[in-house]
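Below, each chain spelled out in residue letters.
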Amino acid sequence: MDKKYSLGSMIRAGTFKFNPVLIQCVGLFPVVAATQNLRDAFFASIALLADMIVTSFIASLMLKKAARFLRVGIYLIIGLLLICPALWFIEFKTLIDLPFGMRMFLPLIAVNSATAVHCETFAVKNDVRTAVYDAIASGIGIGAVMLICGAVREILGSGSILGRSLPFKVTLEGMAMPVGCLVILGFAAALLQTVYSGEKKPEKKPASDQPEEIELEVENVLDPEQIDMDFGFERDDEYDYLLSSVNELIESFTGNDGEKEESGK
Amino acid sequence: MKIVYDMLITALYAVFIQNLVMCSGLGMSEAVRLANRPGAFLRIALMISGFSTVTSVICNLISTYFSVNGSYAVRAMIYGGVLAGVYLIAAMFMHVLSDDRELLDNLGISALNTLVFAVPYINYNATYSVWNSIGSGLGAGAAFVLAAALIGSGARVLAKNRHVAPAFKGTPALFLYVALVSLGFMGFTGRTLF
Chain A
0 MDKKYSLGSM IRAGTFKFNP VLIQCVGLFP VVAATQNLRD AFFASIALLA DMIVTSFIAS
60 LMLKKAARFL RVGIYLIIGL LLICPALWFI EFKTLIDLPF GMRMFLPLIA VNSATAVHCE
120 TFAVKNDVRT AVYDAIASGI GIGAVMLICG AVREILGSGS ILGRSLPFKV TLEGMAMPVG
180 CLVILGFAAA LLQTVYSGEK KPEKKPASDQ PEEIELEVEN VLDPEQIDMD FGFERDDEYD
240 YLLSSVNELI ESFTGNDGEK EESGK
Chain B
0 MKIVYDMLIT ALYAVFIQNL VMCSGLGMSE AVRLANRPGA FLRIALMISG FSTVTSVICN
60 LISTYFSVNG SYAVRAMIYG GVLAGVYLIA AMFMHVLSDD RELLDNLGIS ALNTLVFAVP
120 YINYNATYSV WNSIGSGLGA GAAFVLAAAL IGSGARVLAK NRHVAPAFKG TPALFLYVAL
180 VSLGFMGFTG RTLF
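Those protein sequences? They're chains A and B, same order as listed.
Residue numbers for the first sequence follow numbering that gives the first Met the number 0, beginning at 0 and rising by one.
Residue numbers for the second sequence follow numbering that gives the first Met the number 0, beginning at 0 and rising by one.
Worth flagging that the hints you see were computed from the coordinates, not collected in a lab.
Worth double-checking, as some hints may not be accurate.
Stated by the list, open to error - According to the in silico footprint, chain B covers these stretches of chain A (three or more CB under 8 Å from chain B): (1) 14 to 25; (2) 37 to 51; (3) 90 to 103; (4) 159 to 170.
Predicted model, so just to flag it, every value in this text is computed and none were measured.
Backbone N, C-alpha and C define an ideal beta-carbon position, used for all residues, glycine too.
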């Protein structure tokens, strides 16, 4: 499938338009668990970006011919070999005092779904340069979401930024919980959807072909098919359920049940 | 009897009091993505329970009988190595027995996710016994089923709701719905927001 893409176009698509967290719903754990403040979010985003780049590089360079069930195990081992020594170095050789939670969360990034999905659907099917570009674009996309969540949660949750108190003291304890992060993700996804909804060219289908409510859903989603066009993802892939946008997933619920209810009436 | 009681209490804790998916975000991506495939997520939840339990017990025994220093980096290498080993053995075994590619993929998704990897850490931090570890491993799978079922049923309702603002249709509404479910589970922990 090797196709040539420029870094700029991949960053525009991978970081913004098809953001892995906000559109593809992968890599949710590091975003929800490791962004209670901006500093933690920074460490987690660096770890995730490094993990994605190194794993994609190795996957594209050496793992193309390996069986998939072996590859996904190797991704974990690569992640551990990258993150654990770095964590050990931070623990024992620097003065950085990582909070208790981060010492547990950082190694878990080695098994994050974003790395596995991007390696399986892109890195092993493209040349090394393109695979690394994709990893950089996706890693920046996830990292940006993490930094935004970390900053907002710290400001609203503890009334500080990077540990320094702000003049206006706001303390919403809920922001420190996963619910706070998920609310931020919801609004960020809505913003992204609004920004890119202008580019959408809705497919006009005859009203008689589809129930009305399905047509309404189709008009408001980012077109998942464009993922194929822009990235060369193969939709017949077994991992495709992790690739298609969640909008597509939600649409799938309307299908049979909606029709049954309509016919029942 | 006490053993069964310990296992049950730990499992119930992992499912309801602190649902590992909803209260910690562990395995949340997989739960969201599999929410519309009830057949698949039940099978994956069984596999998650199996992998969590086996990995937890092995890691618990290692922690009990071998001196692992306080470094989280060393602990992560050991736990991750155990998980990778358990997965590769299971995958090799399955590969020899069956040609079902989807089953092998499900095995990878079930074993290599944050939920399964985090369970040994949780057991260690809570100083769980082997029996507690088995309970938390089983609870991890049940927590996944509950989370995926709740997300699925919510997404079904959202899809039929014509009053959702266009900007919030799809992923944004789903995130906000998952936030509300998460808030509900946080209520079991006794934490207050005000």
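Which hints from the list above does the structure break, by number from lowest to highest?
-> Going through the list in order, the structure violates hints 2 and 4 and respects the others.
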